[in-house]
Every structure is written in structure tokens, then in C-alpha cells.
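Student: Spelled out, the chains give:
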Amino acid sequence: MDYDPMAMDDAESLGPVVKISQADSVRVKFELQNADISFANSLRRVMLGEIPTIAIDLVEIENNSSVLADEFIAHRLGLIPLNAEGVEHLLYSRDCDCEEYCEHCSVRLTLHARCTGYDNMSVSARDLVPVGERINQTLGTPIITDKDGTGSLILKLRPDQEIKLECIAKKGIAKEHAKWAPSAAIGFEYDPHNKLRHLDLWYESDPKAEWPPSEYAKWEEPPVEGEPFDFDAVPNHFYFNVETAGNLPPDGIVAEGIKVIQQKLAGLIHELTEGEGDGGYDGPRSPEYNSGPDTNYGYSTSYGGNGGNQSAWGGGGGTTPFGGQTSYGGGGWS
Amino acid sequence: MAARRDSDVAMDDAPTSHQPEVKDDTMVDDEGDDFDENEGEEEEEEVEIQRVKLLPGSTETAASFEFANEGHTLGNALRYVIMRNPDVEFCAYAIPHPSEAKMNVRIQTFEGTTAIEALEKGLRDIQELCDVVTEKFVKAAADFAEKKAATG
Ligand SMILES: [Zn+2]
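Residue numbers (the working numbering), protein chains in the order written: chain U, 968 to 1301; chain W, 14 to 165.
Please keep in mind that the hints were generated in silico from the structure rather than gathered at the bench. The beta-carbon is built from N, C-alpha and C at its ideal position, and this holds for glycine as well. Honestly, I wouldn't trust all of these hints.
[To be verified] Derived list of chain U stretches under chain W, where covered just means 3 residues or more per stretch with a C-beta under 8 Å from a C-beta of chain W:
| no. | segment |
| --- | --- |
| 1 | 995-1006 |
| 2 | 1227-1234 |
[Said to hold, decoys possible] In the BS3-like style, the derived pairs of lysine-lysine whose C-alpha atoms are separated by at most 27 Å in a straight line are:
| no. | chain 1 | residue 1 | chain 2 | residue 2 |
| --- | --- | --- | --- | --- |
| 3 | U | K1185 | W | K149 |
| 4 | W | K160 | U | K986 |
| 5 | U | K1226 | U | K1146 |
| 6 | W | K161 | U | K986 |
| 7 | U | K1226 | W | K149 |
| 8 | U | K1162 | U | K1175 |
| 9 | W | K161 | U | K1114 |
| 10 | U | K986 | U | K1162 |
| 11 | W | K161 | U | K1185 |
| 12 | U | K1226 | W | K152 |
| 13 | U | K996 | U | K986 |
| 14 | U | K1142 | U | K996 |
Turn these sequences into a full structure, and let the hints steer you where they fit.
Tutor: Following this line, the structure appears as C-alpha cells:
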């Protein structure tokens, strides 16, 4: 069998291709071609966990005579999707100059409901009212998509019960808490015919009968009976299904996801290059490589990392350009 | 000290404490300069953790890097893209311990380039890829919207 070792690079050298098969206000389905699985997975991970949105983070309860405990309600409030449009102009509270929170790093919402009728009353996201200064008039508004226009149900009140509270919504990412996730779900799929055998399908008697074909199965050539396994094949078509929780538009999630990767990279490149002139104590500049038998790679890192740095702050060591925490310490070249 | 299991650092060079020394600095700052209190910017910049470190034992063409607060998201894509560089002999990444937010990348290059250069090129290559994907996605979304408007 003739094979070209560069063959698998060929597809990629064509450059990535994006095809959209469905797009509406709730989801976008698209296919990414000619990219490596590692990149496709980075995109998936970043869309799941690292896109900043806004969610209720602090709740001050003034009165709660409902049957639900305060912390239970606070948790439910946190999970209510809020409009994140313009969240890039909002500061993280930890980066803000204010004491605890302010209009530059938070949105205030109040909830006050009392059941005055004879029937139980539902309190829902609609009853959360943004108050005070806001960066724009949509940021932090509860998302309401149901046809009744009530939004998510928070709690129910019996006659004469009351709930009164104030919420502080802050910026955050889903890596910290899932309430900041912009996506309700992200479908990620490749190789619908399992030609690469990355899956080992469990079955009772016949996997073909028991596993219904994926919706993308008709997009790719089915395997030919008796076809030999292709050892050089790599996944090359990735099918994404990005579904929003409402806080960001679905295509916005994709764009924001790529932006988050870009920011990560830009920050790292900046750190790598900034010390090049001299100034920076930061980046891993190349020092005089010590020739000592100091070849303890890898696993010693958690200890070695701190290794013997008389850092630029503290000790008498040295204010070397690599000073700080360069973890080069050990060798004594400073 | 007794807990050190490696001998990669001579006793004399070993740190007196594993506490980040940044702490001392902030304390001194607070005592010494009351006016500084609101000038958080400068202070914070210093406190900000270093995101890439060169690990001990690295040479020009064979180096290990430690990334703070990164994981598979960056690690795997970076590993792949660096490995595609023909001047790179070897590249791999690892997350040494799941409860430490650290990711290590090992790069060994052939003569003619350095590990740091290869790392930087890798980062820039992903950036470029991101640019292209953004461009393609935006175009695909616009085309789709146009088609939808035309048919419906
Ligand atoms: Zn603030």
C-alpha cells in the first residue's frame, strides 16, 4: 500500500473551512473542516467554560416568609440567565477599585413580591428588576424566552407570604461556577461512522441496529464493507452544536470563544516578548544556561518551581531580569 | 526542608520558605507608604502571577515551560501546532497534578532555532488560525443569514 506521510497534513494546509447548517436565536450548528482535533477541542472547551457573562453572585434577603430557605433561593437566583450584552465593558469585581461592588463591576436587581390573593403565586425571573446605574440598558436584564413571558420560575408564595431581596450580579466565567456558562449545551462530534474507531460501542447483539446513525452520518462516506483500517486517518470534520442559555446570541458565543483563545495567546506572547529588551522581570528569558547536572525535568516541578529563588522582591539574591519567579534559581547563576 | 525529595537545589540555595515572597512585599508597602493605598494598579501588576516559567535544567534547544492557570485548552493545541514546526524535534505537554493549575510543555528543537522561539511561533500560529477561523465563521454566518432571508 502506498502512502504519503504528508498526506494528513494536506487537508490542513488548505486552511480551515466553516459551514453553517442551522442558525437561529437559540442555536448555531456548524462544521469546522481542516483543523486539528486539538484546536477544535480548545474551541469547545473555551466556549463551555471561559467566556465571561454576568450572573447573580450576592443576595441580600430582607424578608423571606416563603417555604424555601434563603440559601436555596439564592442558589436559584444565581442560575437565572441574565443578558450579557456589553459584558466586555464590565469589570471583574476583583479588578475594580471599589470596596465591594459598584456600577462599573456589577448590576443590582431587586425582587419584591407578596401574595395578596387567595391562590398561590409564582415568582419568576420577570419579577427581578434591575435598578440603579448600568453600563447599558440590557446588561443584567433577566432573559425571558417563554411564550408566557414570565422567565424562569424562582419560587411560589402562599397567601400572605412575602419575598423581598436585593441581588448583585457580577461578571465571571463558568470555570469558576456553571451559572456563568453562556451555553446551555455544546454538541461536539466527529467521525459519525466511527471509521477511526475512537469509540468502542457497547451493544447487546448488533451495534448497527442498536446505535441509530448520527444526523451527520449522511454528510460523510460510509465505510465500505471489508475496507482495511486506515492507520493514517485523522479526524478532519468537526460538528458543533452551540445552544445558548439566552445571555449571549449563539454565534456570539462562537466569536467570543475564539476571542478568549486569542486573548490567552496574546497575553502569553506579550509576557514572552516583553522582557526581550531588558525591563521585564517576567518572561522566561534565556539566561546563561547552567551546565550543571541539573537535569531534573518534569516531575520535580511543583517543588523545583520555587527552587531557590531569592526573588526580586525579597532576598538578597539578585534583581536579575529573570528575577521574580523564574524558577531558574537552583543553579546559582544569578 | 525535610519534605524536599529532590536534590536539584543545593541546600544553600534553597528558599527559606515556600511562602510566596510577594506577601512580604505587600506588607512592607502598606506600612511604608500610606499614600499608596489607592494606587492599586502598580501593586497589582507586581502581584500578578507569572504565566510562563522556564523550568530548571532547560537549555537553548531543549526546554520545559510551566504555564500557570492553563490546561488542556491551551496545552493540546499548542503541543500540536509546535510539533508541526519542522524545526522542532519533539514537543509534548503534561498536567503533572490535577489539583494544581499548572501545565508543562516540553520543547526540543533542532539546531537553528531555540525552544523559546518555537514556543512563541506556536502561540502565533494558533493566533493566526484563530484569525482565519473567525473570518470564515463570520462569513459563513453572513452567507447563511442572507440565504435564509432570500428563501424565507
Ligand atoms: Zn466596582
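Student: For each hint, tell me whether it holds in the structure or not.
Tutor: Status of the hints after comparison with the structure:
| no. | hint | in the structure |
| --- | --- | --- |
| 1 | 995-1006 | holds (count 7) |
| 2 | 1227-1234 | holds (count 6) |
| 3 | U:K1185 to W:K149 | 23 Å, holds |
| 4 | W:K160 to U:K986 | 13 Å, holds |
| 5 | U:K1226 to U:K1146 | 20 Å, holds |
| 6 | W:K161 to U:K986 | 14 Å, holds |
| 7 | U:K1226 to W:K149 | 14 Å, holds |
| 8 | U:K1162 to U:K1175 | 13 Å, holds |
| 9 | W:K161 to U:K1114 | 24 Å, holds |
| 10 | U:K986 to U:K1162 | 22 Å, holds |
| 11 | W:K161 to U:K1185 | 22 Å, holds |
| 12 | U:K1226 to W:K152 | 16 Å, holds |
| 13 | U:K996 to U:K986 | 9 Å, holds |
| 14 | U:K1142 to U:K996 | 23 Å, holds |
When the structure is compared with the earlier hints, no violation turns up for any of them.
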